[in-house]
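Chemist: So the protein lines, in turn, are chains R and A. The first sequence begins at 1 in the working numbering and counts up by one. The second sequence begins at 1 in the working numbering and counts up by one.
In case anyone wonders, no lab produced these hints; they're calculated from the structure. Among the hints, erroneous ones may be present.
To be verified - Restricting the straight-line Cα-Cα distance to at most 30 Å, the calculated cross-link-like pairs of lysine-lysine (DSBU-like) are:
#: 1; chain 1: R; residue 1: K89; chain 2: A; residue 2: K214
#: 2; chain 1: A; residue 1: K7; chain 2: R; residue 2: K89
#: 3; chain 1: R; residue 1: K73; chain 2: A; residue 2: K392
#: 4; chain 1: R; residue 1: K89; chain 2: A; residue 2: K17
#: 5; chain 1: A; residue 1: K7; chain 2: R; residue 2: K73
#: 6; chain 1: R; residue 1: K73; chain 2: R; residue 2: K131
#: 7; chain 1: R; residue 1: K131; chain 2: A; residue 2: K7
Claimed, not checked - Covered, in the sense of this in silico footprint (three residues per stretch, anywhere, with C-beta under 8 Å from a C-beta of chain R), are these stretches of chain A:
#: 8; region: 2 to 12
#: 9; region: 206 to 219
Even for Gly, the Cβ is constructed at its ideal location relative to N, Cα and C.
Chain by chain, the residues run as shown.
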Amino acid sequence: MPTLEIDSLAKSYGTVRALDGVSFDVNSGELFGFVGSNGAGKTTTMRIILGVLRGDFGEVRWDGAPVDLDVRKRIGYMPEERGLYPRMKVGEQLVYLARLHGLDAGAAHAAMEHWTEVLGVAERRGDEVEKLSLGNQQRVQLASALVHQPDILVLDEPFSGLDPVAVAVMSDVLRTQADRGVPVIFSSHQLELVERLCDRVGIVKAGRLVASGTIDELRATDQLQWHLTGTMPETWTPDAPGATLTPQGPGVWRVEAESTDAAQAVVASALHHGVVSEFTQVRPTLTDLFQGVVSEEEVAA
Amino acid sequence: MIALIAKREFRTRALSKANLITSAIMVVLVLGGALIAKPFLADDGEPAVVNVDSAIAGDLVPYLEATAQAQDAHVVFESVDAPDTVDVDQDGALGEDIAGLITGPLDAPRLYLAGGDDALTSVVQSATQAAALDSAVEDLGGDAAAVSASLANSVPAVTIVGETNEFNAGQFFSGMVVVILLFFVLIQSASVIMMGVVEEKSSRVVEILLATVKPATLLGGKVLGVGMYSLLQAATMFLPVVFAAWYLDLFGTLDVEVGTLVANFAVWFVLGFALFTILFGGLAALVSRQEDIGAITTPMMFLMMAPLYLAIYLVPNNPDSTISMVLTQVPFFAPFMVPMRSAFGAISTGEVILAVALCVVTIPVLTWIAGRVYAGAVLNTGGRMKLAEAFKRG
Ligand SMILES: Nc1ncnc2c1ncn2[C@@H]1O[C@H](COP(=O)(O)OP(=O)(O)O)[C@@H](O)[C@H]1O
Ligand SMILES: [Mg+2]
Chain R
1 MPTLEIDSLA KSYGTVRALD GVSFDVNSGE LFGFVGSNGA GKTTTMRIIL
51 GVLRGDFGEV RWDGAPVDLD VRKRIGYMPE ERGLYPRMKV GEQLVYLARL
101 HGLDAGAAHA AMEHWTEVLG VAERRGDEVE KLSLGNQQRV QLASALVHQP
151 DILVLDEPFS GLDPVAVAVM SDVLRTQADR GVPVIFSSHQ LELVERLCDR
201 VGIVKAGRLV ASGTIDELRA TDQLQWHLTG TMPETWTPDA PGATLTPQGP
251 GVWRVEAEST DAAQAVVASA LHHGVVSEFT QVRPTLTDLF QGVVSEEEVA
301 A
Chain A
1 MIALIAKREF RTRALSKANL ITSAIMVVLV LGGALIAKPF LADDGEPAVV
51 NVDSAIAGDL VPYLEATAQA QDAHVVFESV DAPDTVDVDQ DGALGEDIAG
101 LITGPLDAPR LYLAGGDDAL TSVVQSATQA AALDSAVEDL GGDAAAVSAS
151 LANSVPAVTI VGETNEFNAG QFFSGMVVVI LLFFVLIQSA SVIMMGVVEE
201 KSSRVVEILL ATVKPATLLG GKVLGVGMYS LLQAATMFLP VVFAAWYLDL
251 FGTLDVEVGT LVANFAVWFV LGFALFTILF GGLAALVSRQ EDIGAITTPM
301 MFLMMAPLYL AIYLVPNNPD STISMVLTQV PFFAPFMVPM RSAFGAISTG
351 EVILAVALCV VTIPVLTWIA GRVYAGAVLN TGGRMKLAEA FKRG
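Chain R with its partners taken away, still in its complex shape (with noise of 0.2 Å):
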């Protein structure tokens, strides 16, 4: 099974360094999620992948080899700044596109009408793009990184500026492709629908990727975390070493503990004290995780 690699990316604007080293893979089959704050360096890092920009150090390969022209051809795009000709009616753009990308014109025509009609676009082909609505025009976009059957996807927040059931659409194309054995890189800012969609995130902070793996991965790198919930008076203070309790509001806490046992020892202690009505680990979401990641770098700057 073939591998996207993106290995040590470097680029600076002047003096602003856009990437700074940065590394990840993506195997077939696999939707990686790409998230980091604006100016993080995602669009960046998702432009060297498919050549439109030129890295200052780095390489990236497809099954071992640097990614060429040829590769690039079998890469579906949906840059962060959507752009089709604006006059141009959606069916033939869409035919041009895939014969752009090496498809002979029946095939083209063929992927043309398949996208459409999966995407709800069908009865607009004959519209020019400017005619249709933003969220219509989106589905063409996605209609036109799809459209030659590509072996890589690589999408730039495609799931901005959607509604509910576009989001829907999008996620289920998504899904599928990853299912026929296509990498599928893309970027949000809407973390719970990565943290339900992806099998793996990637966090980018400042030009560097600072943690990257499945959710649960991710989680394991992070303190444990309960929350505590019981009659114990507002005093209570449990002798358990290794363990924190912060006070949440009355009769509410938040535990963190370095292990299991040391947080067991503060249920025991609060059990001498009070009621305990609930004790629950939390599994802290990706949205945690993110804010977790970026204000501990913001703490070591």
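On the provided structure of chain R, position chain A with the ligands as indicated by the hints.
Modeler: Only chain A with the ligands this time, still in chain R's reference frame:
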């Protein structure tokens, strides 16, 4: 790949409603104009009929015909029995479609004209003088034919000393047609290319295009497609004009060598097209919005108008001056200088070959520079980019 891009460019331009309408109007105007003009111009073709009184016709008509032919007047003479008097106040008294009437006596004929016609007056005057001279010569016992022949032979052999600054309208006209047509076609193609480049850039579609084709391929396809379109446009302008000129028999009148005209146009269209469109296609990538395109069109206008004006002002007065010869070898001037100078027959084959060769050598260099500028600038959004910076990035 490049063919695909060229085809799209060609189709979008050529099949646009605006283009179809203007082309149709052009063709209809030119051809319709020719059809309407033909009967009026053809009127001139029918010879004027002049009646000659039968009493003097036998003696005078040979002289009249010889003189009419010598003076290029299109007149036929017919012998009729002329009425004794002509009602000079009445229109058409000479008869339907009759231009004039000549009545006796032979040594002092009277000429009645339907409307003033200086040419006819002069023909009749010369003819009667010749007839009078001949009869006088014969009265003196001389040989009238020998006198006429020696008169005809006594024409001076003319040799012009010094520069011939004679202005030749036919040469000027044919040179002008080529350079002005070239100017319009080139300026139009360069604008179309620039608009296309900026449109792709401002609509951001260029990013998905560049993910699958090289910048040079994209620019090359554009230049090719727009080139085809411009050729078609030039043909829709040029061919009806040529056809109309042929239909109205203007080539005979103006003494223009159509073959040379077309050959000159074809060669310098291809070379000039490559030079100007590649350069401006590359430069157009520097701007990001249609509104800013003026920053590029102004230098373009200047770069095309300067050679055009110089060709029009320098060449006709002094086709082989030093400055003309130098400018002929400067690539951006050559497309205008060479056709103009060759229309005046004032350029050697060696000069033409050198000028063509210099352009042919310049084109790849220019393509490389323009391709680099294009590649460096085409993904840059926001303000106008500096030329040097784009070149460095590309
Ligand atoms: N064309 C450019 N010129 C100068 N700086 C740029 C350009 N493109 C991006 N940058 C800078 O590079 C950094 C990364 O940008 P980008 O990759 O677009 O971030 P993201 O997509 O994660 O929001 C930012 O600091 C941005 O200002
Ligand atoms: Mg971005």
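Chemist: All hints, please: hold or fail.
Modeler: Hints and how they fare:
1. K89/R to K214/A: holds (24 Å)
2. K7/A to K89/R: Cα-Cα ~16 Å, so holds.
3. K73/R to K392/A: With Cα atoms ~26 Å apart, K73/R and K392/A stay inside 30 Å; holds.
4. K89/R to K17/A: holds (15 Å)
5. K7/A to K73/R: Answer holds: K7/A to K73/R is near 20 Å, not above 30 Å.
6. K73/R to K131/R: holds (28 Å)
7. K131/R to K7/A: holds (24 Å)
8. 2 to 12: Since three or more residues must qualify, the claim that chain R covers the region 2 to 12 of chain A holds, with 4 doing so at under 8 Å.
9. 206 to 219: It holds, with 9 qualifying residues against the three required.
Hint compliance for this structure: every hint is met.
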